[in-house]
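Undergrad: Which chain is which? The protein sequence lines are P and V, in order. So for the first sequence, the numbering used here puts the first residue at 1; every next one is plus one. So for the second sequence, the numbering used here puts the first residue at 1001; every next one is plus one.
Hints listed in this document are in silico derivations from the structure and should not be mistaken for laboratory results. Cβ atoms here follow ideal geometry from the backbone N, Cα and C, with glycine treated the same way. It is possible that part of the hints are untrue.
Unchecked claim - Under the rule of at most 27 Å between Cα atoms (straight-line distance), these lysine-lysine pairs were calculated in the DSS-like manner:
| id | chain 1 | residue 1 | chain 2 | residue 2 |
| --- | --- | --- | --- | --- |
| 1 | P | 129 | V | 1134 |
| 2 | V | 1560 | V | 1602 |
| 3 | V | 1511 | P | 371 |
| 4 | V | 1653 | V | 1714 |
| 5 | V | 1177 | P | 159 |
| 6 | V | 1257 | V | 1416 |
| 7 | V | 1477 | P | 159 |
| 8 | V | 1315 | V | 1004 |
| 9 | P | 129 | V | 1180 |
| 10 | V | 1574 | V | 1637 |
| 11 | P | 267 | P | 309 |
| 12 | V | 1754 | V | 1416 |
| 13 | V | 1570 | V | 1552 |
| 14 | V | 1177 | P | 129 |
| 15 | V | 1511 | P | 159 |
| 16 | V | 1574 | V | 1714 |
| 17 | V | 1007 | V | 1257 |
| 18 | V | 1570 | V | 1545 |
| 19 | V | 1552 | V | 1511 |
| 20 | V | 1604 | V | 1552 |
| 21 | V | 1574 | V | 1602 |
| 22 | V | 1714 | V | 1637 |
| 23 | P | 372 | P | 327 |
| 24 | V | 1511 | P | 327 |
Unchecked claim - So, partial list: chain V residues that the calculated Cβ filter (under 8 Å) puts toward chain P:
| id | residue |
| --- | --- |
| 25 | 1170 |
| 26 | 1449 |
| 27 | 1450 |
| 28 | 1476 |
| 29 | 1485 |
| 30 | 1489 |
| 31 | 1729 |
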Amino acid sequence: MASLKDRLEALRRDVRKEPQYSGPPGSSAGGGESVRGAPEPSGWEREGDFVFRREQTFRLREETLGRIRCAADFFLDRAEPKTLLWYDTETTGLSGGAGTHVFLYGGARIEGGEARLTQIFLADFPGEKAFLSAVTRNFAGSGCMLSYNGRAFDAPLLKNRFIVSRMSCRLPPQFDLLFVSRRLWKGILPDCSLGSVERHILGKNRENDIPGMLIPQVYFDYLAGGGSAGMQRVASHHRDDILSLIGLFARFGEIIRSPSAFLSGKKLHAAALGLMLENRRPGAGISILREAARGGDMRALVWISRRYKRAGDFSAAEKLWTALAEKNAFAALELAKYFEHRRGDYEGALRLTERLLSQASAARADLSALKKRRERLIRKLSGN
Amino acid sequence: MEAKIEKILLSLETDRAFMDNVTRWEKIPAREGEFAPFPEGLHPRLAAALNARGIDKLYIHQARAFVTAREAQSFVVVTPTASGKSLCYNLPVLQSILEEPARRALYIFPTKALSQDQQADLNDAAVSGELGVKIATYDGDTPNSVRASARETGQIIISNPDMLHSGILPNHPKWIKFLKTLSWVVIDEVHSYRGVFGSHLANLLRRLKRIAAFYGSRPVFIFCSATIANPAELAQRILGDEKVRLIAENGAPSGEKHLVLYNPPLVDRVQGIRRGVVLESQRIALRLLCEGVKTIVFSRSRIQTELIGSYITAKLANLYNDNSRIRVESYRGGYLPNERREIEAGLRSGAIQGVVSTNALELGIDIGGLDAAVLAGFPGSISSSWQQAGRAGRRQGVSLAVMIASSSPLDQFMVKHPDYFFGRPPESGFIDPDNPYILSDHMRCAVFELPFGEDEAFGEDPLSVLEFLEEGGTVRKAGGAYHWADRSYPAEGVSLRSASSQNIVIIDITKGRNAVIGEMDRPSAKEMLFPNAVYLHRGRQFMVKDLNLEEKRAEVEEAKVNYYTDGIVKRDIKVLTRDSRVEDSECVYVLGDILVRSQVTKFKKIRYHSHENIGYGEIMLPEEEMHTRSLILVFEKTLRAGELFTLRTEEEKAQIICALGCLYRRIAPVFLLCDPRDIGVSERLRDPHFEAPAIYIFDQYPGGTGLADKFLEKIKDIRGAAAQLLLDCPCEEGCPSCIGPRDKTVEITGNPKKAITAFVRELE
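So here's chain V without its partners, still in its complex pose:
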């Protein structure tokens, strides 16, 4: 293995054509492990179990985690990939259960897949050491027949936030035995709880602590986080009042890593068009795979995952036919659980040499050691980049990660500013647990779970929320407490994952098969599963025959066509409130609520490989409505930006405002730690509400998660970075890396780059 990766490194380093596109080749040297002896008091049976697994000492962070946990102190431990994180919580938890078998622990993993993986790991420990600790998984896939025994006898319950939310907490009387002696709550992958999901988790923990207190228990919380800028702050925000201690040092050894930033070559210098990220990452992955290097490709979207996966497989078939013995699979959310398990197992066993995945595999699912990672596009945040790059590499030996920039301005910014990329601490995770939508939803659930006393704590101002709920009629105040007074089961209507809790089931009806092949959330379904869409699933093509939103099903039929499809979304915005207004010397900033209506009206047909547009189709689907929070940048005449703006021709105005929106959209995710898809940007040359040019920046989640507010806080940084991106860009008339390529169909005479550059220069 070592030899293969060394060989490919050498061949890449000496390949002029490859190296010409490399903007930085960063070598991160191997690191020695730092160890500590078994902590004092470690249960002899636990020590014996570790010895049996060939472990006779701990990494320093594992030892510190053990000691901290023994002090009944909640903590967060920072655990990069392959740092032996499971022992950080398994050791103290198992120790505590061995000492007092009545104690219980709850492990929360962000996804079902992760929890299954974890159970395999724990069973290993429990069985090999014959510790006799009962471990049970309790999630949506747990059969009814074993649920009761899991509740009654499971000493460690492994679950996920969704199950805690809609299964465990609302039915807490059934869990009385477990909750009475709940001593530990482990939250793994805490860095993945950012934004909406994290705000939900924080409220979920408020509910859990409340119910635990009812049964007289006060669990200690253990958080594990990948490397982000503010693990302690994030864990603290999630846990609320209770103090969270940080364990930041890491004693795990790591092998030598090579991280390469790669910018695909220009194919049209004038327009700034580069070779596409799909084709380029496919090419590089293929090169690695053919040299026998186990490779993972991370793509930015489900469609890309399927495209890259099928291109690689097709190429392999051409090159080697049956004797190639290289198997590559695609992997993404929306596959059925057993399909995913099979791929994970294949990667571990070595039956599968390559995998193309969305960020679904970024999290700690055990897929064994891989040698190389190809990032098809900047994943949107620096911490995600490190996470994904970290998927390649073991504790020893050399590994390679290549990040291939797409033509998006954000990618171009990163690849052209390697110092920025390597020099910057990874982004922060932020949440807004008092987001009124999220908070009031969880308060409904909390009142359902137990009547709410007037003096009880829950977030910043529980009484306001309770009064609000009482007004709505779902909660009744009586005898100094608020009671649930509605026939519904509130957790059912609250999804932790996205705005819409409804999933569309995808059914393959080819030749009367009627088999479920996957699921997709409703908004995505409207964009990917509209009638006549080409739906790709594990490299197979399907044509969508019917999308029934009411019955939540899409019927697809296997098809062979030479194109895929992409829905075009039309959007319309209405201002509902103006909550605050500030201004600086440049423009006015308004924070408020807006109503966004969007509709998928048309789709493009795009030919495989060449990616050229070969036609359009109509889509007839109802529009989606979303009430959300927005920051509106208003260019009022009296302030500098507005004043400069009025001096421009109509044509230049249009160019400038589009360019600014484009720049903000692409640069903001770095500062807000969100996926670019979490924020929407809409530019209005003459906004009917403000009667001035305006740019709307809004949260793509109903009610908002604080992104709009955060954007305002960071406005100086964002504006600075946007200006720098623009001024540094060598293109002549706008390119995909800064303000977007010039739209030839609109036949504008002037050069948009000139207009925006002059505008930004004058503003500075």
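Here chain P stands alone, though its shape is the one from the complex:
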């Protein structure tokens, strides 16, 4: 049998290289164990072997600070703004798993009237422990970490890195701005990516921004000796992302403080905002929800019907459910329950249940509940 080496040699001829990102100027070929420098000479300080740090401060306007306080009061149980940390990471891939590295971390907090951003950069893999220690020092003491999609992506990835490096770490509580964005703007904006929200909600337009998709390749090119200009663009992109996070959080505060200013022109889901207000501050969202219901918003109507039900006003609830039952599964189900348990109208309830079952969109769990309901109704009907 041919030796493994020979057979690998044969494989080698077969490897198709993927097209390389035609990247930063002055890139040189090769790789090897060269020591990599900072992404850009100025502003970056050496933190340890293969680890660099950059501190930048940005003035915040008085009104922005007020809005941040307002959002923190509303979403984060009156947390002190100075205990908050907005953060983001840049990674070598988007699929997660133990082999996806975090190479750039940034955390910003408010000090005095300024946002102070710390960026920590991993210039090559052997520096990972030092990198992670620096990251830990950065988030230590913060009461809450705010991110965009951090709950699903950045936080688990950081945890992976700590485990793989045999370091213990406990991340502070996470607040994910993406969840709020989705509720307010899903379906209104083309998508709820940070880029979209930034453009359409914050009105920012970035120039010369590097597309997120290219970032892993820029880093690999950098590792391979491709120069630091590309990395500099990544670091700027990363900084702008974090500044947008602060801006977005302030915008949330503004919306919470004076919702009416945002309700005209269908620029956000009024009912979602109403529900959000109502959930955290009962009473605060009622007028918005009523208005949305008058405009025919299904979610608002459903909410109103539940309110009737809770108050025991079944005649009002029934009227509403009947009107909605054609289009809304929740209302139809509520109506079926009402027919069965309050009115003893099993046939009516069965009719509604059958119709719900025939609508294929229901989730599996709902389906089995519906089937049970149908069986029970048939039993009750045949028992009569």
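Place chain V on chain P using the hints.
TA: Chain V alone, transformed into the frame defined by chain P:
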């Protein structure tokens, strides 16, 4: 039940027409069980749980497994069907968890279906004994909502190689709690990990051990294997360096078994054509079913499964109409999981009396006791034959298995040489964990999982592979270790099952239904799901409307036609490297890499029942390319075979080389323990590369799995068996049992049998 099977045995034994075709009726006597008392130290709660299930002693192999496991010694236990194998691992594992609840165990079953079955079994034990051990299934069907809790709280996780490969290992930090105290790894059905699949498993275990070591655990491995020639060697090869102890004795009782080799009668003596295996097995299965005997039919292909199933159902409907109360289902890969569960449950409960299956049911899926098995064709290996035959039979009582030979030379060889069949130990399982394709794929995954140190062990030469990967740019060496430096998730691109990881989803679009009815791998899809193909699914006929390879979907519509279809594959071979060259007195053997290009260009329409060819159709699909390993037999003039060859007429040369290829193709699987479909054979009268007559024998898996090399090792045995098959065959001018039937369309004047026989005689 007993009476029914006794009755049918008697009726078969006294049926002249049946017995005329029987080449051997082997009666394997019943065997008493050998028992051992509960081992010392067996946890009282475990003992109580066993007692509650009516068990007060163990089979000797179960007791030995328990003791061996208690010594923290990895082992393989040989467990034929119905030998109580689950206790061989459940007992030590449960004991260990009862003693130390933090301990964790991972059970790996080759298929999802098996793992589900196993969970049912374990839950039974855990619940009935109220042991309070948490068991969770973690596979592709596990909903996201319960995955986190399975990882956190599952003390026994039941999974499959694919999930371990692409779900668990790449995300090991999420599994930290489980992996830290991983004490046991159970690999069931280890005999099914042969060839490619086994080479993957060996690498998967290398990865698992590596990650476990990272978290400070060193699990003990328990393997269960059906009867093969080398269970210990196979388990050892799969596990690598660590010692695996063999527990070969078996204490389980078994009932009397009758194994019948049956050769369908000749319908054309001159051409050697026999009654077809599909019709014949359908006939015999029907006879058994009508006598009330629960029967399983094993067929060789998906198409055959559907054909036999639908023929039987149709016949039953004619005979008995609604009052027959005999339900027969077909079963194969490609059905949806719930369809399969339903059939398995039906068999267990007795709602289904008969099932026609591919080898999908050969593995340990619990389908309850069956009384008879009909093997529609030799399954390709003797161990598979025993596995399939073993599906019939319980611990007590009589069972019957009938193996019906097809007209293929291999089948004919087996049925005409019952001593060979019964006298031979079952085949060996072999794997090649250092297959460069497989190894480098798993090294990529391993580097993704943890940076790779320069001094770490992994296979025969990890540094060569790492350097190779570094060159390709996916791995970066820094600080004395190799790191994953690519944005991709490597496990995603590596499928353990076959060359192609892409499955084609089959969608029924009849009347806008848009329902998914099954899946199929890409190469099979090209041969079975081309536009205008007739696709059979649980006895229903569909016409393929569209096959979209990019979107990985095939659209089918229900249809009623009187034929089915079979794709014709055209192949072309290019030699890429010549790695080694040896010769003996007969010919030259070259091992090297080749590029095989194949294309399905045409299809045949074949009428049901008569199986006659009623037309052709064109297929327009892109070709498949495969880089693989091949053994090339070159008949050089200077050596005997080549020399004899040059003395032949052109016509005889063509006959001889085709005949040799045919013989090798059919006889090799016995020696290589592979499915005949795992190797390809191509004969060239004037090979453009070697400028001599040549026969290519190649691996049907990219990169090769060692079959070509193994063929060379076994060349003497294979050649001997091929010659014997040829010389023993009583046919006059070639038959399906030796060198293939004479091709009448080519209008050759001479008799090919004569040419090849003379050639082989002279060589001897």
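Undergrad: Are the hints correct? Go through all of them and say.
TA: Here is how each hint holds up against the structure:
no.	hint	verdict
1	P/129 to V/1134	violated, 36 Å
2	V/1560 to V/1602	holds, 21 Å
3	V/1511 to P/371	holds, 25 Å
4	V/1653 to V/1714	holds, 25 Å
5	V/1177 to P/159	holds, 14 Å
6	V/1257 to V/1416	holds, 21 Å
7	V/1477 to P/159	holds, 24 Å
8	V/1315 to V/1004	holds, 21 Å
9	P/129 to V/1180	holds, 21 Å
10	V/1574 to V/1637	holds, 22 Å
11	P/267 to P/309	violated, 31 Å
12	V/1754 to V/1416	holds, 21 Å
13	V/1570 to V/1552	holds, 23 Å
14	V/1177 to P/129	holds, 22 Å
15	V/1511 to P/159	violated, 50 Å
16	V/1574 to V/1714	holds, 25 Å
17	V/1007 to V/1257	holds, 15 Å
18	V/1570 to V/1545	holds, 23 Å
19	V/1552 to V/1511	holds, 21 Å
20	V/1604 to V/1552	holds, 24 Å
21	V/1574 to V/1602	holds, 22 Å
22	V/1714 to V/1637	holds, 23 Å
23	P/372 to P/327	holds, 22 Å
24	V/1511 to P/327	holds, 25 Å
25	1170	holds, 4 Å
26	1449	holds, 5 Å
27	1450	holds, 6 Å
28	1476	holds, 6 Å
29	1485	holds, 6 Å
30	1489	holds, 4 Å
31	1729	violated, 34 Å
Going through the hint list in order, the structure does not satisfy hints 1, 11, 15 and 31.
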